[in-house]
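S.K.: Residue numbers (the working numbering), protein chains in the order written: chain A, 2 to 273; chain B, 2 to 273.
Source of the hints: derived by calculation from the structure; they are not laboratory data.
Any given hint could be a false lead.
Heads up, the list lumps identical chains together, so a pair's fine if it works in one copy or across two of them.
[Stated by the list, open to error] Calculated pairs, SDA-like style, for lysine to any residue (alpha carbon to alpha carbon, straight line, at most 25 Å):
#1 Lys-253 to Pro-213
#2 Lys-43 to Pro-211
#3 Lys-253 to Arg-113
#4 Lys-253 to Gly-49
#5 Lys-55 to Ala-96
Bear in mind the structure is a predicted one, so any value in this text is a computation, not a measurement.
There are 2 protein chains.
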Amino acid sequence: VSPPDLARLSLNQATTQRWTLREAVDGCVRAGIPWIGPWRDKVAEVGGAAASAKLIRDAGLRVSSLCRGGFFPAATESARRERIDENRRALDEAAELGTEVLVLVCGPAPDRDIDAARRMVEDGIAALIPYAAERGVRLAIEPLHPVFAGDRSVIVTLAQANALMERLDSPHVGVAVDVYHVWWDPEVYAQIARASGRILGFHISDWLAPPPDVLLGRGMMGDGVIQLQRLRAAVEAAGYTGPIEVEIFNQKIWDTPGDQVLATIRERYPEC
Amino acid sequence: VSPPDLARLSLNQATTQRWTLREAVDGCVRAGIPWIGPWRDKVAEVGGAAASAKLIRDAGLRVSSLCRGGFFPAATESARRERIDENRRALDEAAELGTEVLVLVCGPAPDRDIDAARRMVEDGIAALIPYAAERGVRLAIEPLHPVFAGDRSVIVTLAQANALMERLDSPHVGVAVDVYHVWWDPEVYAQIARASGRILGFHISDWLAPPPDVLLGRGMMGDGVIQLQRLRAAVEAAGYTGPIEVEIFNQKIWDTPGDQVLATIRERYPEC
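With the hints as constraints, model all of the structure from the sequences given.
M.R.: Listed below in structure tokens is the structure:
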């Protein structure tokens with residue numbers, strides 16, 4: 002049994018990129034981390050969702066979310082349909098893994114028309130809702146930091162994710178709050194409050210100043226400038242009591258032995 | 002005399018980082034670019050504002066703006082006073098250079114308290130207004146891309162800059178719109194309209210996808226994903242008819258001979 006203060010802690014598998022799912026599961030068990038957030042490529046690598054689910058369950062861990070669905074915009078109607086089919090497979094995997102949450106990274110525009118891409122995101126999520134309901138999985142719209150607006154997501158603020166969620170108006174759609182993506186936003190606390198009761202995930206890391214790299218420069222909690230305690234308090238005031246995923250894309254951390262990374266996470270997590 | 006279609010074109014000196022002010026002025030003359038936006042360090046390098054003003058005037062160029070003032074937040078009251086004094090010197094230089102516009106990069110938080118830093122920015126600009134009025138120079142609040150929130154500016158959206166401008170409520174305070182910093186924002190067109198009549202500068206470049214670097218990865222117009230014509234039309238609909246500065250921080254462009262860079266700018270500018 003984990004010490005109570007780690008009860009909500011989850012290792013998002015992106016943090017230990019070099020570990021297979023089995024290695025990450027074993028690492029969590031050794032570190033007393035009760036949750037894991039797997040990635041689809043890592044799930045595929047060990048034989049798919051059923052095998053992964055067994056591996057995780059047998060170790061006594063639970064799945065906080067599956068990363069990731071999304072990437073809705075595409076240049077043609079048929080390509081957009083393929084993206085939706087791919088998202089249906091992701092929903093199948095999430096259900097099989099026993100998690101209620103599929104995280105959506107919504108995708109970039111196929112060209113310069115960012116408004117059209119935003120409509121494609123909305124249409125794509127709308128098209129997925131019936132199947133999400135059928136599989137008992139919820140779609141967590143994750144706004145990404147605007148630095149990713151050109152290549153990963155045209156959904157870049159929590160205000161935008163909230164508005165999208167409100168228009169889609171389904172119990173199967175919510176938002177994910179990742180501190181790295183939203184910390185800079187003058188509206189972040191108002192928007193967290195607006196999302197009350199519909200926050201499906203909370204991801205932590207830190208923002209290094211200056212950032213050493215766009216994609217692989219996230220920091221360990223406590224090493225950067227994000228007001229982590231304040232954001233966590235806001236998310237909790239908005240009713241979120243679920244797992245807290247540590248998701249750190251950072252080459253140096255990837256190059257550090259996994260057990261050492263998990264030890265640092267254990268140490269930093271309670272103070273942040 | 003420049004061809005009419007270049008009449009509003011300005012070279013922001015950051016684009017040709019390796020050139021001295023004299024070299025940049027000569028380059029503009031050769032390329033038929035009628036405006037220049039100097040940086041304070043480059044002005045100092047050639048002997049200060051009076052010498053720079055003469056050099057620019059003798060070449061028949063005009064100064065679109067001076068980069069940059071700002072950096073208001075600091076850990077102590079006395080350090081904040083020093084920053085304001087430094088901004089007063091920047092206003093003196095802008096006046097001497099014959100430009101009405103000092104661009105403000107507002108500065109990062111000295112610690113994790115981003116709200117406090119935002120108040121320091123507001124207090125700092127408020128403290129500068131009387132001297133700006135005296136010198137006949139206007140303060141252009143430039144929201145920076147949120148990727149710079151940790152190390153360069155706590156003012157990261159045009160909505161925030163507009164709100165600040167509205168609260169300060171002075172004819173000597175406006176905003177600068179740089180496409181690189183604002184293109185991703187779902188609110189950008191509404192906020193450009195909100196800034197009507199108070200836009201003091203328009204800067205162009207492009208957003209490469211994915212960005213090769215945080216600071217030095219800006220693109221030449223046409224090489225990225227920004228809807229440049231649409232943004233320019235919006236800024237013009239909001240009443241801005243002043244110079245259009247090309248400001249590209251990019252190591253590869255810095256490593257390219259300046260005349261070649263200016264030739265590309267001349268070629269790309271009309272279509273964007």
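S.K.: Work down the list of hints and note, for each, if the structure agrees.
M.R.: We went through each hint and held it up to the structure:
| no. | hint | verdict |
| --- | --- | --- |
| 1 | Lys-253 to Pro-213 | both (11 Å within a copy, 19 Å between copies) |
| 2 | Lys-43 to Pro-211 | between (31 Å within a copy, 24 Å between copies) |
| 3 | Lys-253 to Arg-113 | between (34 Å within a copy, 23 Å between copies) |
| 4 | Lys-253 to Gly-49 | neither (29 Å within a copy, 44 Å between copies) |
| 5 | Lys-55 to Ala-96 | within (13 Å within a copy, 72 Å between copies) |
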